[in-house]
Amino acid sequence: MDNLTIARVFADVADLLEIKGENPFKIRAYRNGSDTIAHWPDPLATMDEAALRAIPGVGKDLAGKIRELVETGRSAYHQELLQEFPPTILELMTLQGVGPRTVARLHASLGIRTLADLEQAAKDGRIRALKGMGPKKEALILEALDERRRHAGRHLLSDTAETAAALVAWLQTECPATEFIPVGSLRRGCETCGDLDILAVGGTPAVIDRFVTYGLVERVLGQGDTKGSVLLGSGIQADLRLVPVESRGAAMQYFTGSKPHNISVRDRAAGRGLKLNEYGLFDVATGERVAGDSEAGIYERLGLAWVPPELREYRGELEAAESHRLPRLIAREDVLGDLHMHTTETDGRDDLEAMVESARAAGLRYLAITDHSRSLAMANGLDERRVIAQAARIRALNDRLEDFTVLAGIECDIRPDGSMDLADDCLAELDIVVASVHSAFNQDEAQMTDRVLSAIEHPYVDVIGHPTGRLLLKREPYRLQMDRAIAAAAAHGVALEINSQPDRLDLGDTHARLARERGVKLVVSSDAHTRAGLVALRWGVVVARRAWATPDDVLNTRPVEGFRAGLRRNRTRPRSEA
DNA sequence: GCCGTTTTCGGCCCGACTGTTTTCAGTCG
36 MDNLTIARVF
46 ADVADLLEIK
56 GENPFKIRAY
66 RNGSDTIAHW
76 PDPLATMDEA
86 ALRAIPGVGK
96 DLAGKIRELV
106 ETGRSAYHQE
116 LLQEFPPTIL
126 ELMTLQGVGP
136 RTVARLHASL
146 GIRTLADLEQ
156 AAKDGRIRAL
166 KGMGPKKEAL
176 ILEALDERRR
186 HAGRHLLSDT
196 AETAAALVAW
206 LQTECPATEF
216 IPVGSLRRGC
226 ETCGDLDILA
236 VGGTPAVIDR
246 FVTYGLVERV
256 LGQGDTKGSV
266 LLGSGIQADL
276 RLVPVESRGA
286 AMQYFTGSKP
296 HNISVRDRAA
306 GRGLKLNEYG
316 LFDVATGERV
326 AGDSEAGIYE
336 RLGLAWVPPE
346 LREYRGELEA
356 AESHRLPRLI
366 AREDVLGDLH
376 MHTTETDGRD
386 DLEAMVESAR
396 AAGLRYLAIT
406 DHSRSLAMAN
416 GLDERRVIAQ
426 AARIRALNDR
436 LEDFTVLAGI
446 ECDIRPDGSM
456 DLADDCLAEL
466 DIVVASVHSA
476 FNQDEAQMTD
486 RVLSAIEHPY
496 VDVIGHPTGR
506 LLLKREPYRL
516 QMDRAIAAAA
526 AHGVALEINS
536 QPDRLDLGDT
546 HARLARERGV
556 KLVVSSDAHT
566 RAGLVALRWG
576 VVVARRAWAT
586 PDDVLNTRPV
596 EGFRAGLRRN
606 RTRPRSEA
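Per my numbering, the first sequence starts with residue 36, numbered consecutively.
It is worth saying that the hints were derived from the structure and are not from the lab.
These figures come from a predicted structure and were not determined experimentally.
Beta carbons: idealized from backbone N, C-alpha and C, even for Gly.
Keep in mind that a hint or two might mislead.
Stated by the list, open to error - Below, simulated SDA-like cross-link-like pairs (lysine to any residue); rule was C-alpha separation at most 25 Å, straight line:
{"#": "1", "residue 1": "61", "residue 2": "152"}
{"#": "2", "residue 1": "61", "residue 2": "297"}
{"#": "3", "residue 1": "262", "residue 2": "338"}
{"#": "4", "residue 1": "171", "residue 2": "201"}
{"#": "5", "residue 1": "294", "residue 2": "117"}
{"#": "6", "residue 1": "294", "residue 2": "115"}
{"#": "7", "residue 1": "55", "residue 2": "123"}
{"#": "8", "residue 1": "509", "residue 2": "552"}
{"#": "9", "residue 1": "294", "residue 2": "439"}
{"#": "10", "residue 1": "172", "residue 2": "152"}
{"#": "11", "residue 1": "509", "residue 2": "538"}
{"#": "12", "residue 1": "166", "residue 2": "129"}
{"#": "13", "residue 1": "294", "residue 2": "338"}
{"#": "14", "residue 1": "166", "residue 2": "185"}
{"#": "15", "residue 1": "509", "residue 2": "230"}
{"#": "16", "residue 1": "509", "residue 2": "310"}
{"#": "17", "residue 1": "61", "residue 2": "92"}
{"#": "18", "residue 1": "61", "residue 2": "82"}
{"#": "19", "residue 1": "95", "residue 2": "184"}
{"#": "20", "residue 1": "95", "residue 2": "298"}
{"#": "21", "residue 1": "509", "residue 2": "267"}
{"#": "22", "residue 1": "172", "residue 2": "298"}
{"#": "23", "residue 1": "262", "residue 2": "335"}
{"#": "24", "residue 1": "294", "residue 2": "330"}
{"#": "25", "residue 1": "172", "residue 2": "204"}
{"#": "26", "residue 1": "294", "residue 2": "312"}
{"#": "27", "residue 1": "158", "residue 2": "123"}
{"#": "28", "residue 1": "294", "residue 2": "211"}
{"#": "29", "residue 1": "171", "residue 2": "274"}
{"#": "30", "residue 1": "171", "residue 2": "143"}
{"#": "31", "residue 1": "294", "residue 2": "253"}
{"#": "32", "residue 1": "509", "residue 2": "586"}
{"#": "33", "residue 1": "171", "residue 2": "136"}
{"#": "34", "residue 1": "294", "residue 2": "355"}
{"#": "35", "residue 1": "171", "residue 2": "191"}
{"#": "36", "residue 1": "166", "residue 2": "115"}
What the hints assert, rightly or not - Pair by pair, the computed Cβ-Cβ distance ranges are:
{"#": "37", "residue 1": "208", "residue 2": "409", "range": "15 to 21 Å"}
{"#": "38", "residue 1": "600", "residue 2": "60", "range": "50 to 56 Å"}
{"#": "39", "residue 1": "99", "residue 2": "154", "range": "54 to 60 Å"}
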């Protein structure tokens with residue numbers, strides 16, 4: 036049983052307890068536990084009770100339930116709750132404007148169990164008959180059902196960022212006296228965003244009035260003097276919050292989150308006789324405001340270094356901020372080379388020369404061409420003969436270039452049996468080999484793990500490309516024991532890729548952090564298929580930052596000679612040859 | 001249900017908006 040499954044059980048328990056009207060702090064305990072477990076880097080299935088209890092938010096009870104889940108595959112408590120309520124009732128909670136109290140009442144008085152039941156009841160006008168409900172609530176439920184059908188769920192970081200950039204640019208033109216700042220999960224660089232939060236610093240309620248008239252607004256969800264909320268045509272919900280200029284820092288801190296980070300910061304404030312809200316940091320005794328203009332001022336007053344937004348996930352950042360041990364995070368400018376891209380030779384849309392020009396324009400100093408190998412016939416993958424011919428062309432081009440290096444590489448398929456898709460003597464000829472899985476995604480965990488471990492052990496493999504194979508919001512990662520892959524990569528000096536494609540971001544932040552902590556070098560690569568695709572490096576860098584990576588953790592921040600020296604093929608030469 | 005240089009018992013972040021209320025509950029972030 037993996038961590039995500041355990042996390043889901045606890046999240047379900049929290050929802051069910053909420054519907055039941057249980058003690059809110061008990062509910063929070065399950066929810067906190069669920070959130071922590073979902074991002075916990077080590078597999079809980081292999082941990083004993085003492086180790087489990089060392090996880091923050093996991094006490095005697097939760098540790099026992101985790102053991103029960105691991106050993107029996109189920110939790111008696113979870114099952115008990117499911118006897119009281121049908122499992123489908125949890126879907127009702129995902130509707131905008133429908134919370135636990137409403138679900139409980141719908142279930143108790145109308146026997147509603149499913150989304151279909153709810154829709155029928157709303158259409159029949161049975162909702163409005165309930166105490167505390169009315170025609171408007173009924174209409175809202177129908178709208179929420181419709182919206183859920185059309186664009187359920189979350190949005191890629193890059194999509195949210197584009198939406199935000201356009202909206203902020205428009206707002207800035209319409210209301211030049213007000214400053215607009217995107218905050219929330221977008222500012223933290225989360226791989227997907229549920230909605231878009233924007234601050235309007237120093238504006239008047241007229242700014243909210245303007246906001247709801249934005250051309251891409253599909254529906255106004257709410258509008259007051261300090262807050263407006265709209266649904267955009269893309270399905271992204273955007274919230275605009277008005278704050279006074281003197282609260283700029285406090286509001287940025289508050290609305291950037293994450294929730295557990297903020298709870299912890301507030302807790303820390305309370306311990307010092309201070310109260311923190313979106314308007315500032317206040318002395319409880321005197322009511323005096325002691326900070327709030329800037330984020331740094333708030334953290335400083337609490338004895339903390341300013342925490343970069345990407346680290347605000349309650350994963351040890353406050354302890355590091357307190358002891359001034361926060362890492363100097365990698366930035367896009369630190370990346371000097373790009374090690375994964377395709378050309379017209381396989382499934383790319385631009386040729387070798389165009390990719391080089393694009394990389395130069397992006398401020399890079401070197402790149403590696405890594406087209407697909409033979410097995411990927413769909414992409415016109417290269418066999419040994421074509422690989423060698425392409426390498427010759429790359430080297431000829433390289434000889435003509437000044438102040439820039441082009442490396443000859445390949446993205447070589449890892450076959451289902453773990454062998455490489457090209458002959459060893461061919462791979463040996465190249466400057467860099469990225470090995471990736473592109474087939475037989477459905478192998479079981481043992482097969483897939485052995486397969487990837489074989490690749491890591493192969494002497495000419497330098498990097499594992501998009502190690503989990505996930506496609507965000509589309510495809511689950513393949514079943515790979517990541518802790519074993521990371522251990523093997525560390526042992527063999529193989530780097531793991533952070534693939535920057537917005538729908539991959541693979542490795543993700545928690546795995547990348549674990550790899551880094553275990554001594555594995557990372558590379559941030561674009562996997563560009565067009566010359567414009569190199570801009571994706573931006574997103575890979577965000578993931579690396581969320582993994583607490585410094586430039587030193589990422590091989591392609593080094594100048595080309597240092598980079599090449601760090602590749603596995605150049606540092607595992609047998610001693611007799613040295 | 002978790003947790004502890006304030007606490008092993010008694011706390012647990014906090015404010016805005018909506019719809020249904022005639023003073024507030026529910027939802028959201």
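To see whether the hints hold, each was checked on the structure:
no.	hint	result
1	61 with 152	30 Å, violated
2	61 with 297	20 Å, holds
3	262 with 338	31 Å, violated
4	171 with 201	32 Å, violated
5	294 with 117	28 Å, violated
6	294 with 115	30 Å, violated
7	55 with 123	15 Å, holds
8	509 with 552	29 Å, violated
9	294 with 439	45 Å, violated
10	172 with 152	16 Å, holds
11	509 with 538	9 Å, holds
12	166 with 129	22 Å, holds
13	294 with 338	20 Å, holds
14	166 with 185	30 Å, violated
15	509 with 230	18 Å, holds
16	509 with 310	42 Å, violated
17	61 with 92	11 Å, holds
18	61 with 82	24 Å, holds
19	95 with 184	40 Å, violated
20	95 with 298	23 Å, holds
21	509 with 267	22 Å, holds
22	172 with 298	32 Å, violated
23	262 with 335	29 Å, violated
24	294 with 330	16 Å, holds
25	172 with 204	34 Å, violated
26	294 with 312	13 Å, holds
27	158 with 123	20 Å, holds
28	294 with 211	31 Å, violated
29	171 with 274	22 Å, holds
30	171 with 143	21 Å, holds
31	294 with 253	28 Å, violated
32	509 with 586	31 Å, violated
33	171 with 136	17 Å, holds
34	294 with 355	18 Å, holds
35	171 with 191	32 Å, violated
36	166 with 115	29 Å, violated
37	208 with 409: 15 to 21 Å	52 Å, violated
38	600 with 60: 50 to 56 Å	55 Å, holds
39	99 with 154: 54 to 60 Å	40 Å, violated
When held up to the earlier numbered hints, the structure conflicts with 1, 3, 4, 5, 6, 8, 9, 14, 16, 19, 22, 23, 25, 28, 31, 32, 35, 36, 37, 39 and fits the remainder.
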